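Number of protein chains: 2
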Amino acid sequence: MLWNRPGGIFAMPSRVVKAKSTLRSKGDHDGNSLRKAFYEIRELIVHGRLSPGAWIVEADLARHLSMSRTPVRSALHWLQREGYVIERKNARKSRMIVAPLTKEDAGELYSIIGHVEGLAGRRTAMLPKAQRAEITARLKSFNTQLRQILTAKDSRSAGIFDIDRNFHHCIIERGAGPRLLALHKSIEPQAERYWRLYASSIINDLHLSVAEHDEIIAAITAGDAGRVEQGLQANWQNGCTRLARVIEIFGERGSW
Amino acid sequence: MLWNRPGGIFAMPSRVVKAKSTLRSKGDHDGNSLRKAFYEIRELIVHGRLSPGAWIVEADLARHLSMSRTPVRSALHWLQREGYVIERKNARKSRMIVAPLTKEDAGELYSIIGHVEGLAGRRTAMLPKAQRAEITARLKSFNTQLRQILTAKDSRSAGIFDIDRNFHHCIIERGAGPRLLALHKSIEPQAERYWRLYASSIINDLHLSVAEHDEIIAAITAGDAGRVEQGLQANWQNGCTRLARVIEIFGERGSW
DNA sequence: GTATGCAAGATTGTAGACAATCTGTATATT
DNA sequence: AATATACAGATTGTCTACAATCTTGCATAC
Chain A
1042 MLWNRPGGIF
1052 AMPSRVVKAK
1062 STLRSKGDHD
1072 GNSLRKAFYE
1082 IRELIVHGRL
1092 SPGAWIVEAD
1102 LARHLSMSRT
1112 PVRSALHWLQ
1122 REGYVIERKN
1132 ARKSRMIVAP
1142 LTKEDAGELY
1152 SIIGHVEGLA
1162 GRRTAMLPKA
1172 QRAEITARLK
1182 SFNTQLRQIL
1192 TAKDSRSAGI
1202 FDIDRNFHHC
1212 IIERGAGPRL
1222 LALHKSIEPQ
1232 AERYWRLYAS
1242 SIINDLHLSV
1252 AEHDEIIAAI
1262 TAGDAGRVEQ
1272 GLQANWQNGC
1282 TRLARVIEIF
1292 GERGSW
Chain B
1042 MLWNRPGGIF
1052 AMPSRVVKAK
1062 STLRSKGDHD
1072 GNSLRKAFYE
1082 IRELIVHGRL
1092 SPGAWIVEAD
1102 LARHLSMSRT
1112 PVRSALHWLQ
1122 REGYVIERKN
1132 ARKSRMIVAP
1142 LTKEDAGELY
1152 SIIGHVEGLA
1162 GRRTAMLPKA
1172 QRAEITARLK
1182 SFNTQLRQIL
1192 TAKDSRSAGI
1202 FDIDRNFHHC
1212 IIERGAGPRL
1222 LALHKSIEPQ
1232 AERYWRLYAS
1242 SIINDLHLSV
1252 AEHDEIIAAI
1262 TAGDAGRVEQ
1272 GLQANWQNGC
1282 TRLARVIEIF
1292 GERGSW
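Listed in order, the protein sequences are those of chains A and B.
Numbers given in my numbering equal positions in the first sequence, counted from 1, plus 1041.
Numbers given in my numbering equal positions in the second sequence, counted from 1, plus 1041.
One or more hints might be untrue.
Which copy is meant is left open, so a pair is good if it fits within one copy or across any two.
Said to hold, decoys possible - Pairs of lysine-lysine residues, derived as DSBU-like cross-links and limited to a Cα-Cα distance of at most 30 Å, are as follows: (1) 1130 / 1181; (2) 1144 / 1170; (3) 1170 / 1077; (4) 1134 / 1170; (5) 1170 / 1226; (6) 1181 / 1226; (7) 1144 / 1130.
Bear in mind the hints are in silico, worked out from the structure with no lab data behind them.
Keep in mind it's a predicted model, so treat the numbers as computed, not measured.
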């Protein structure tokens, strides 16, 4: 199907939106493979399907995602830049491996995200009262859900991650500008990775986190920026402490 | 599906380093074009050679850097991810433009970097006294240099940026872990971009910044973490205010 | 048995080709 | 002349090829 080559004698109904039936000769060009690759690989990492420390081979991933190496490669560079993947340099070439999970890294990561959220939360606390009320209503709902799981001893913990994430997102989204939001979006999944892979830490101490959430909600209601910031930082700080204990027991992963 | 290769590390049988004389048939493969592209393009942006709002064409940059589009493209994705470049989406395709400079963005950016440095500075303040002394010695030297430029009315302001950057780096490098350091390295040049492109704001109010630096040095000497954090945040916050005035006068760039 | 060196396979980094899409302009139609 | 249409150039997104390099396994020598 020659579109515009010098001898374009092919009278094509010009602007007609091509039906999806168009035969694509190469790949599945939805014009967005890179993004797809990025999110899919990130999910593989966050969910532990790609183990910490595992050695990444571009071609394998490309096959898995049914696309060529090019977008996969770019996606890996993003992931590297954001810390999901690290580079084992060897002179010229680089080997990519899934970033290991270490106690030290967790400490730094949690500290950073605590401050990022704190900064956003500070601004959330300064919103007009009406908006804050709307937010706290949602937050309370999330926290209630967590409590239910808690009392039900519902071992189907899959939902916990999502609920907690929603709780935090709900606060961040309002207070953060585009930059801070982007930053949060790039960091948060890495904290989530620790969560998921050391799930037991969260499950057992969930009630503590829920209580901390209550404090945060109260602070937002009061419109006390400093207290909100403190609350969020504390929530992460404590989460880190709890996590550290579990890492101590089960060992770090992917670092040898 | 085998995701994990048993990653074993074996002592490398000391292999002979190949002579560099190898003939390279294609391009200049130093195995690292991507990095080169990233840093060069970033510098073009930070220094204003690529104007805010300017429309980026991959092929042009590739020609300029004498390499193919592939590494340039990846580099642009990094830059996009970090906010130097933004994407004007149009259905499938995306146009990349150099991120514009706006007062709002500057506000958020400076706020973020202030907090990032504050977090790192907090840890720097908690280092043993001997190390802190070494650091403050250097810091004082930088600040002295700034004062000299100030009194000399030396219009050769080129050095100012570097000296100030060194001042801050000197603090951050010690306190920050690898993650925070990487974050800082990715954000700081963007603040520097505002600096350079609205240079007049800095030059005129340099004495204020220098005074703030003194306070930071004193705080580090005292080992007062909170005060260091405050000082750094204030330095950026005030810088932002000064910058905002200049932007108000000269207008935003690249946003229409 | 251990160390050294070579060869084959695996993997990465870059280039270049091609397809798909967008945009502007010249042309036709009224 | 104003508007719609078609074409050509420009640009992006993806793929494939190929060279450089690294790893691994094996054969050989000590």
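Quick rundown of the hints versus the structure:
1. 1130 / 1181: Intra 47 Å, inter 36 Å, cutoff 30 Å: neither.
2. 1144 / 1170: between (40 Å within a copy, 26 Å between copies)
3. 1170 / 1077: neither (39 Å within a copy, 50 Å between copies)
4. 1134 / 1170: Classified as neither: same-chain Cα gap 55 Å, cross-chain 41 Å, threshold 30 Å.
5. 1170 / 1226: within (26 Å within a copy, 37 Å between copies)
6. 1181 / 1226: The answer is within: 23 Å in one copy meets 30 Å, while 38 Å across copies does not.
7. 1144 / 1130: within (23 Å within a copy, 40 Å between copies)
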